[in-house]
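Asker: This note's numbering puts the last residue of the sequence shown at 1405; the count rises by one with no breaks.
FYI, nobody ran anything at the bench for these hints, they're computed from the structure.
One should not assume that every hint holds.
To be verified - Below are the EDC-like pairs computed for lysine to aspartate or glutamate, each with C-alpha atoms no more than 20 angstroms apart in a straight line:
id, residue 1, residue 2
1, K1368, E1357
2, K1395, E1357
3, K1395, E1349
4, K1291, D1266
5, K1307, D1346
6, K1354, D1374
7, K1368, D1263
8, K1354, D1371
9, K1368, E1304
10, K1368, E1279
11, K1291, E1239
12, K1307, D1365
13, K1354, D1365
14, K1291, E1279
15, K1307, E1279
16, K1291, D1263
17, K1395, D1346
18, K1291, D1267
19, K1307, D1266
20, K1307, E1271
As the list claims (entries may be wrong) - Label-pair restraints from in silico Cβ distances:
id, residue 1, residue 2, range
21, A1245, R1389, 44 to 52 angstroms
22, R1302, P1238, 28 to 36 angstroms
23, Q1385, S1253, 26 to 34 angstroms
24, Q1280, A1352, 41 to 49 angstroms
25, T1402, Q1249, 47 to 55 angstroms
26, Q1286, T1235, 17 to 25 angstroms
27, R1285, R1389, 51 to 59 angstroms
28, F1376, K1307, 24 to 32 angstroms
Here a beta-carbon is modelled for each residue, glycine too, at the ideal position from N, C-alpha and C.
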Amino acid sequence: MSRSTSSRQGNDMSRPSPTVSPEFAQLVAQQHQQLRSFIRMLGVAPDWVDDLAQEALLIAWREQNTYDRQRDPGKWLRGIARNLVRNEIRKRARQERILHNGLAELLVNASEVSTHPESWSECHVPILRDCVEQLAPKSRELVSGRYADGWKAADLADHFNMTAASVRQALARIRVQLKRCIEIHTAEV
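Using the sequences and the hints given, assemble the complete structure.
Answerer: Below, the structure written as structure tokens:
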């Protein structure tokens, strides 16, 4: 055997292979589906639920020695997942510059004022925020879910126990309501 082959094998052997205890395997089997559901309930896009669940389980595996066996394991895993989602929200918040990106884009495109786009957005984005805050709570949640969180109509329908068509119709009505609110506020200025 050549020296490079044996040294490579030696390096692989020197690192302990990760082992999963039967207790941890049982925890994963018992909690995985509930963890995925919890993560989805937090508003995570369906395509990312499995990734975040897997990341939460990986963190739990790494931290299993610090886990207090007297605690509810589901609550422990949900806490890890909640912190992961919070971190994702913080990352996204650092990347976002406008509160309701989709609505702002819609309003910019619908605007008849094209000569001073900077002054238009400086004036209208705060008004848009005020108008969104004046919406009924459910309407505000629909707008936030669609434009701030990027949920599709089908996701919102599941969350609000509505049909996708009724979500789209509600959002269309809300956009008209927001447009009127902005027009009223800009007429006052």
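Asker: Out of the numbered hints, which ones does the structure contradict?
Answerer: 5, 10, 15, 16
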